[in-house]
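Chains as they are written, first to last, in numbering that gives the first Met the number 0: chain A, 0 to 407; chain B, 0 to 471.
The hints are simulated quantities; they were obtained by calculation from the structure and are not laboratory data. Quick caveat: nothing in here was measured; it's all calculated off a predicted structure. Quick reminder that beta carbons are idealized off the backbone N, C-alpha and C, glycines included. Incorrect hints may appear among the rest.
[As the list claims (entries may be wrong)] Non-contacting residues of chain B with respect to chain A, defined by C-beta distances greater than 10 Å in every case (computed):
id, residue
1, L44
2, E212
3, P341
[Stated by the list, open to error] Here are the computed lysine-lysine pairs in the DSS-like style, where the Cα-Cα straight-line distance is at most 30 Å:
id, chain 1, residue 1, chain 2, residue 2
4, B, K428, A, K167
5, B, K128, A, K365
6, A, K127, B, K166
7, B, K337, A, K127
8, B, K166, B, K337
[Claimed, not checked] Covered stretches of chain A, as calculated for chain B (at least 3 residues, CB under 8 Å):
id, stretch
9, 115 to 121
10, 164 to 175
11, 314 to 328
12, 394 to 402
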Amino acid sequence: METEMLYALRDPLGVPSHPLMFLVLGVLTWAMHIVAVHVLLGSSALAIYGSLSSQSHWRRLAAAMVNTAKVAISVAIVFGVAPLLFVQVIYDPFWYTSNVLSAWWVIGFIIILIIGAVALFAFYVMNKSMAEVEKTRCPGSMILAIALFLVVGFIMHALAVQMLHPEKWMEWYAPGGIIDPSGRSIHEFNLWRFGFFIALSAPMIGLWLYAYRRYLMARENENAEYLDFLKRLAASLGSIGGVISLVFFIAWMLTLPENIASFATSIWPVLTILALAAAVAFPMLIARKLDTGLWGYAPFAVGIIAGLVVAIMREAVRWQTLFGVHGYNPLDYKVHMDWYSTLLFIITLVVMGGAVLSYLVTVAWKAGQTKGMYTPSPAVNRLGNFAIATVAIWILQYFGFGLWVAYM
Amino acid sequence: MDMLGLYPTWYEPGIGSGWVIGIIATLHVLFSHTAVGAAILFAFLAYIGYRDDRPELIDFIKKYGLFLLVFSYILGSITGPGIWYSTTVGSPNGISALIHNFVWKWATEWVFFVIEVVAVYMLVYLVGKVSQQTHLKIAVIFGLTSYATMLAIVGILSFMMWPGHEKWFTEGGYLYGFYGPNTFAQLAIRTAFMFTMTAVVGGIVAAGLKDKEFKRWLLRRLAVIGIISTIIGMAMYPWYLSTLPEVANVLMANRLPDYFTPAVLFVLAAIMAYFIVTLMSPRVVTASVAGIATMAILVLGLWPGETVRETVRKPWIAGQYLYSNQVIGRDVPGMDVKSEIPLLEEKGFTRAHVFWPENQREINPHNAIHVGQSLTLTACANCHSLSETGMRPLVNYFGGISDIERIKTYLVGAIATGNTMYMPKVPLKDDEAEAMALYIASLNDDEVVARYVNEKTRQAAASEENTRLSAQ
Chain A
0 METEMLYALR DPLGVPSHPL MFLVLGVLTW AMHIVAVHVL LGSSALAIYG SLSSQSHWRR
60 LAAAMVNTAK VAISVAIVFG VAPLLFVQVI YDPFWYTSNV LSAWWVIGFI IILIIGAVAL
120 FAFYVMNKSM AEVEKTRCPG SMILAIALFL VVGFIMHALA VQMLHPEKWM EWYAPGGIID
180 PSGRSIHEFN LWRFGFFIAL SAPMIGLWLY AYRRYLMARE NENAEYLDFL KRLAASLGSI
240 GGVISLVFFI AWMLTLPENI ASFATSIWPV LTILALAAAV AFPMLIARKL DTGLWGYAPF
300 AVGIIAGLVV AIMREAVRWQ TLFGVHGYNP LDYKVHMDWY STLLFIITLV VMGGAVLSYL
360 VTVAWKAGQT KGMYTPSPAV NRLGNFAIAT VAIWILQYFG FGLWVAYM
Chain B
0 MDMLGLYPTW YEPGIGSGWV IGIIATLHVL FSHTAVGAAI LFAFLAYIGY RDDRPELIDF
60 IKKYGLFLLV FSYILGSITG PGIWYSTTVG SPNGISALIH NFVWKWATEW VFFVIEVVAV
120 YMLVYLVGKV SQQTHLKIAV IFGLTSYATM LAIVGILSFM MWPGHEKWFT EGGYLYGFYG
180 PNTFAQLAIR TAFMFTMTAV VGGIVAAGLK DKEFKRWLLR RLAVIGIIST IIGMAMYPWY
240 LSTLPEVANV LMANRLPDYF TPAVLFVLAA IMAYFIVTLM SPRVVTASVA GIATMAILVL
300 GLWPGETVRE TVRKPWIAGQ YLYSNQVIGR DVPGMDVKSE IPLLEEKGFT RAHVFWPENQ
360 REINPHNAIH VGQSLTLTAC ANCHSLSETG MRPLVNYFGG ISDIERIKTY LVGAIATGNT
420 MYMPKVPLKD DEAEAMALYI ASLNDDEVVA RYVNEKTRQA AASEENTRLS AQ
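So that you can see chain A by itself, here it is in the shape it has in the complex (with noise of 0.2 Å):
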């Protein structure tokens, strides 16, 4: 497909900021959406292996584990509607075709969601004292969530890489000049890189045990037994699962299509093996220090970078496919700059979202520190009045501008 044809699909309204901000939101977002996918196939993955043994430390890893899964799924849908959104802006014509051409699975990925996410949820509340107990009731529906969850990866996966298609794009639509409207054919996908993104989940749990090992740690009477199998175990999952993610990794570089083939020897696929590497080290690297004061939570903060290199490194495939083989270029969108939402938007991002997220992260954090009631000190429970001060101020804006402008 010519250039000039993807840019005619742009939509003629523009975007209200700089297309910057709404790459980088969406690299920023998409790493923080994936990471939590990570720690939901990886806990999940566990969850199914401890409730399947008989070994009390793995039989307490999956009762809690489970209950991270549960979590981990809300955060993964809410990561993933802001990458969904900002994609929209500046791939717009790549995402939309890409997904129309696929529709009946775009349909089904929602449907098969919902079963996933409801199957978990069973499974949850069938287990809920599954640490006590010996016996896993209905293991079957904890499988079956994660078999789903990697469909539903899966059709994301096909997606992400039908937009980076236009010149097959016709031939998918129109097959023999005669327009197939059906939507039920998925195009094209890459089993490495699929796999790429699914392997990084054993790292990345690992990386998440040990900030898990550092919570318990902070509790009175910890069972050291039980702390030293869930270090073991991180440890084993990072290296193990770092080099099938490499061997993954390596593979998808070799097979990327011939127009970018040369993307797999620049400095990207250097950079993310290299943090993929420090995030499965770092562990090891302060080793002396994991124990002590708030370092048992440094290495998932490493993960979740080198979650971010992944990101920019999948972007930056993006960019050279669309704009250095097909010439379009997300960052020259006609903008059509709009102050008052962008200002907006930054402002409730910034202030409101600072301020309430850091009271509730403080009281959920404390609150799991505390034996017994969390009784907030004085300066949390400010910032706990500043928190839903932002938030009455943010709906008086509302109603000050909109009925301004709606009867003014």
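Following the hints, position chain B against chain A.
Below, chain B without anything else, positioned relative to chain A:
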């Protein structure tokens, strides 16, 4: 190169893409509105519960919150982006118009959404683990941010029908697109009915309570909330109608079936009756009764509302400038948007559409049926099913005729000129109109294509013969 920025068309022959979008959207309205109403209710109950030392109220918040974790924060969270997905495949330019106008509003809503999800987990799981004052603060944050998500979205829903302010067309900008009298009328009516949904869905949870006295007390309060909110919602309806342009009222009068208004009144009366029975005799409310009431609201209550919204904005799909068939039908100087109608009049779909098979750019007797199908898919299939089922099947509008000329005359005279109310203007070149007429005729007559090809071949041969004879 002037090209028409249309995407491929997804056509679902069974129920139609419009129904797919409608089903997902209606489900989401139930999940999301219930959540917002419940969040505000929780803040109120938490206040009363801690003020009057009534732990059973806090326990109810926990139980209802647990239910909402799946009902609203899993099913609702998935069907929310699910609306994006379904509209992406069913109406890509339509969702694009909303996204590009309101991306920051949606991003702002996302911030509230993140907070909402964190808060609901904390509200449920930190009962008894944090001080009462702290738990109340979490409940207030949850209530306010939940309502903020509705505030953020309602102007976008309003823009789907009409930009908030006429100035949007000339000056553009988010504020003129988002805010208008309809925004606030719609907000008021949605706010009222979200409490109705909260009261009905709350019955499912309340029905499972062990403490019979508290159960009675709670169901009666829920019934009062339901009655008051339903009355307020009904009272808001005239205000809502008054914010719609005159043309919307004409469309409602002409396009909605006769049974529509009585049916809506019956549904509202049934909802009121349910609450009155609950108020008088809470014992009748079991989880299954409340579940059936929820389903009834979903199918009978929400679906008509969505149908009205779909009906009154036709032939537009967004902002009164984008037709339901994805073509831009009018200029929006404030946003530098130009109507695509002149381009279509000059070049036609076959020459201007980005996604058009190259072998169909030029029309001849042998590819005319395929071109006709492509044109009908592109210009009509968003609103008219090409099969016998689904949304407004096209065959029903041509009374079984297979006369290509008659159909073509109608297409050229009524559709291509935009002289049909409720329908977009669909400029067609003469050969395009003939190809489309052939395809529509073929829906009624399997043999019309063969006859058409034979006739055209015979005419071409005769013409060739005449030319040869003239040359001699």
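Violations among the numbered hints, reported as their numbers in ascending order: 6, 7 and 11
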